[in-house]
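**Q** Chains as they are written, first to last, in the working numbering: chain A, 289 to 636; chain B, 289 to 636.
Warning: the hint list may mix true and false statements.
[Said to hold, decoys possible] Have a look at the derived ranges for each label pair, beta carbon to beta carbon:
| no. | chain 1 | residue 1 | chain 2 | residue 2 | range |
| --- | --- | --- | --- | --- | --- |
| 1 | B | Tyr-449 | A | Tyr-588 | 51 to 57 Å |
| 2 | A | Gln-404 | B | Ala-511 | 52 to 58 Å |
| 3 | A | Tyr-588 | B | Tyr-588 | 53 to 59 Å |
| 4 | B | Asp-390 | A | Glu-545 | 50 to 56 Å |
| 5 | A | Arg-430 | B | Glu-361 | 24 to 30 Å |
| 6 | A | Asn-464 | B | Lys-630 | 55 to 61 Å |
| 7 | B | Pro-539 | A | Ile-566 | 39 to 45 Å |
| 8 | A | Asn-564 | B | Ala-635 | 32 to 38 Å |
| 9 | B | Lys-466 | A | Tyr-588 | 43 to 49 Å |
| 10 | B | Tyr-588 | A | Lys-621 | 35 to 41 Å |
| 11 | B | Pro-539 | A | Asp-510 | 25 to 31 Å |
| 12 | A | Pro-541 | B | Asp-622 | 53 to 59 Å |
| 13 | A | Tyr-588 | B | Gly-448 | 27 to 33 Å |
[Unchecked claim] Selected chain B positions facing chain A (in silico; Cβ < 10 Å):
| no. | residue |
| --- | --- |
| 14 | Lys-293 |
| 15 | Val-472 |
| 16 | Gln-476 |
| 17 | Thr-494 |
| 18 | Asp-510 |
| 19 | Val-562 |
| 20 | Asn-592 |
[Said to hold, decoys possible] Chain B stretches covered by chain A per the calculated footprint, using a threshold of three residues with CB under 8 Å from any CB of chain A:
| no. | region |
| --- | --- |
| 21 | 357 to 371 |
| 22 | 435 to 444 |
| 23 | 520 to 529 |
Hints in this document: simulated from the structure, not taken from any laboratory.
Source: prediction; values computed, not measured.
All residues carry an ideal CB built from backbone N, CA and C; glycine is no exception.
Each chain is listed here by its residues.
2 protein chains.
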Amino acid sequence: MKEYKIAVVGLGAVGREMLATLERSTLPISEVVPLVRRNEGEVIEFRGQMFASKLIEKGSFKDIDIALFSAGEEASLILAPMAIEEGAVVIDNSNAFRMNADVPLVVPEVNPADAQRHNGLIANPNCSTIQMVVALKPIHDRFKIKRIVVSTYQAVSGTGYQAIDELKQQMGAFINEKEIPCNVYPHQISLNVLPHIDKFMDNGYTKEEMKMFNETKKIMGDASIQVTATTVRVPVIRCHSEAVNIETEKPMPDVAEIKEIMAQAPGVVLADDVENNIYPLALDCAGKYEVFVGRIRKDYTIENGLNMWVVSDNLLKGAALNAVQIAELLVEKDWVKPSSDKKISFAQ
Amino acid sequence: MKEYKIAVVGLGAVGREMLATLERSTLPISEVVPLVRRNEGEVIEFRGQMFASKLIEKGSFKDIDIALFSAGEEASLILAPMAIEEGAVVIDNSNAFRMNADVPLVVPEVNPADAQRHNGLIANPNCSTIQMVVALKPIHDRFKIKRIVVSTYQAVSGTGYQAIDELKQQMGAFINEKEIPCNVYPHQISLNVLPHIDKFMDNGYTKEEMKMFNETKKIMGDASIQVTATTVRVPVIRCHSEAVNIETEKPMPDVAEIKEIMAQAPGVVLADDVENNIYPLALDCAGKYEVFVGRIRKDYTIENGLNMWVVSDNLLKGAALNAVQIAELLVEKDWVKPSSDKKISFAQ
């Protein structure tokens with residue numbers, strides 16, 4: 289059986305989760321190559337072998353089959369074209385190429401077939417979008433979603449290690465009545481909530497909010513789905529929670545039947561038993577692979593409305609795990625080789 | 289000038305804020321009478337005088353003009369009828385009488401005239417509803433709101449002192465790597481968010497979510513307004529934040545004009561300058577009297593849609609301050625005396 293040589297580019301919060309997820313996966317891997325832009329030489333243990341991280345240079349991707357990128361948008365913009373040129377298939381976690389028409393944007397439970405049409409590059413969607421589309425895909429298939437109103441409760445790990453450290457430092461400073469340090473976010477995050485994730489755009493929305501709008505349409509393959517989002521950072525370390533309100537075109541059955549649909553949906557765990565205080569919680573979902581759905585209830589204010597609460601680990605299904613699942617899909621379907629010789633237009 | 293004798297029933301988080309707010313108000317007060325159901329004898333300083341808290345007994349309200357109740361629903365159910373019988377006008381902060389047709393539910397910026405029609409009892413609305421209707425009233429007056437989709441980010445002080453203590457204890461235990469105590473909420477609140485406030489109803493909504501639905505209609509005096517809510521507890525000590533999405537019947541002007549409307553609205557402070565990272569924040573609004581509105585932006589997914597972010601101090605405008613403002617309104621308009629001899633039907 290062919291074994292794959294897999295590069296992991298970037299060793300931040302998501303890069304390390306990629307390594308851990310690869311280690312647990314069933315992918316036939318001959319070697320992992322941790323690549324970094326600085327601080328090389330860190331030794332990573334992977335399936336009992338040791339691999340030292342190397343600086344990225346010309347030729348780094350020459351014998352790499354699949355390169356999982358998680359080193360930020362700027363690194364992806366510079367290095368992904370080079371990796372593709374050198375023959376690797378890139379699965380990129382950044383925002384750099386997601387809306388590029390030549391680049392599939394893939395969530396394996398939702399649009400696996402799109403992965404086949406890659407030209408050397410597949411984009412991994414934004415964390416807050418991934419968990420929402422996994423939860424909504426079975427509803428959309430049956431009842432056609434017209435509009436989504438979503439408010440998020442996003443963990444600081446989405447920003448990276450430095451944000452986790454800052455939250456902990458702020459908690460410690462508060463408890464010890466010290467001055468509270470504030471460097472990562474524009475405002476204190478401990479004991480606060482910030483309606484501000486990523487940059488503000490001219491239309492008043494943040495980039496994070498517009499990602500949920502744009503990426504949902506592309507992943508679902510349906511430009512008619514409308515999404516309006518308010519994305520909010522909360523003092524949680526891991527797992528994003530989302531209050532999702534939807535309106536469908538077709539009438540939905542009763543809640544019991546919708547729960548049954550969710551319970552059967554790929555990648556979804558139904559956690560909905562309010563009588564016993566069971567609903568998805570960030571603390572419970574940390575480290576888990578699935579998207580957890582609960583608080584499912586009809587929205588009686590419109591004809592075909594539904595509310596639900598969706599939680600998933602932003603570093604796993606929201607990032608590292610989804611990227612690894614794309615790699616698994618390529619290997620399983622024998623889609624690693626690009627589908628055509630078409631060159632990706634990076635000028636879009 | 290007539291001076292009023294005012295009783296404050298209950299000395300929890302809200303009761304103490306009522307005393308502090310009364311102290312700062314311009315109400316002509318001859319005496320405050322702190323009344324409790326247990327632990328009497330605590331000495332309260334008020335405008336330089338000392339008042340000892342007394343146990344409630346028959347006759348406690350005999351010479352009280354206005355009684356501000358904040359001792360929980362059960363206490364209100366038992367004691368408010370007695371207070372009215374003894375001649376006091378009750379302003380009740382609990383959920384006990386809010387939907388009673390004989391009881392006005394009043395937010396002074398929104399429906400002051402309703403206060404005149406009281407029969408000895410005025411209900412103070414739920415915290416999450418009050419701040420939302422203050423923010424939305426100027427929009428509703430001009431453009432008629434059809435539907436509201438709201439997700440809340442609610443502070444633990446809404447539950448009371450014991451929840452503030454528990455959040456702090458959980459933060460300390462996490463920082464010191466001790467076992468995390470969990471007694472007040474069914475799940476840990478520190479580093480978590482709980483989509484669960486108040487009891488669950490048969491329709492899958494919580495009572496808190498249904499309060500936003502029912503109370504908004506009553507306060508706005510418009511049963512056609514639809515509200516669907518997801519209410520969520522977050523690890524914040526003070527101030528509720530809300531992501532509010534609205535649809536209006538009439539077209540709305542551009543965002544600049546809506547901001548101008550909000551800036552002029554009674555009880556509202558516009559905090560909306562995203563280029564300078566200015567938007568309402570729970571930490572900033574603690575101790576403030578107003579409702580803070582920001583992140584105002586058109587919702588382009590429907591014809592007449594708008595998103596906004598609304599923050600206010602849940603103990604002040606959400607509870608104690610609004611109750612005191614109702615008392616001020618009654619005094620100012622000379623509405624302290626009931627408008628009729630009609631007896632309130634408590635059997636509703």
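**Q** Take the C-beta atom of B/Pro-539 and the C-beta atom of A/Asp-510, compute their distance, and say whether it sits inside 25 to 31 Å.
**A** Because 27 Å falls inside the window, the suggested range holds.
**Q** Determine whether the Cβ-Cβ distance between B/Pro-539 and A/Ile-566 falls within the hinted range of 39 to 45 Å.
**A** 43 Å, holds
**Q** State, for the Cβ atoms of A/Gln-404 and B/Ala-511, whether the hinted interval 52 to 58 Å holds or is violated.
**A** Holds, since A/Gln-404 and B/Ala-511 (Cβ atoms, about 53 Å apart) stay within the stated range.
**Q** If you check the beta carbons of A/Asn-564 and B/Ala-635, does the distance land in 32 to 38 Å?
**A** 33 Å, holds
**Q** Honestly, do B/Lys-466 and A/Tyr-588 meet the 43 to 49 Å range at C-beta?
**A** 45 Å, holds
**Q** Verify the coverage statement for the region 435 to 444 of chain B against chain A, using a C-beta to C-beta distance below 8 Å and requiring 3 or more qualifying residues.
**A** holds (count 4)
**Q** Can the suggested window of 53 to 59 Å be confirmed for the beta-carbon pair A/Tyr-588 and B/Tyr-588?
**A** Given range 53 to 59 Å: violated, Cβ gap about 25 Å.
**Q** How does the region 357 to 371 of chain B fare against chain A when you require at least three residues with a CB closer than 8 Å, holds or violated?
**A** violated (count 0)
**Q** Given a hinted range of 55 to 61 Å, is it respected by the beta-carbon distance of A/Asn-464 and B/Lys-630?
**A** Given range 55 to 61 Å: holds, Cβ gap about 57 Å.
**Q** Quick check on a hinted range of 27 to 33 Å for A/Tyr-588 and B/Gly-448, using CB atoms only.
**A** About 31 Å separates the Cβ atoms of A/Tyr-588 and B/Gly-448, which means 27 to 33 Å holds.
**Q** Taking 10 Å as the limit, does the beta-carbon of B/Val-562 come near enough to a beta-carbon in chain A?
**A** Result: holds, 4 Å to nearest chain A Cβ.
**Q** Quick check: do three or more residues in the region 520 to 529 of chain B have a beta carbon closer than 8 Å to a beta carbon of chain A?
**A** holds (count 6)
In summary, the structure is inconsistent with hints 1, 3, 4, 5, 14, 15, 18, 20, 21 from the numbered list given earlier, while agreeing with the others.
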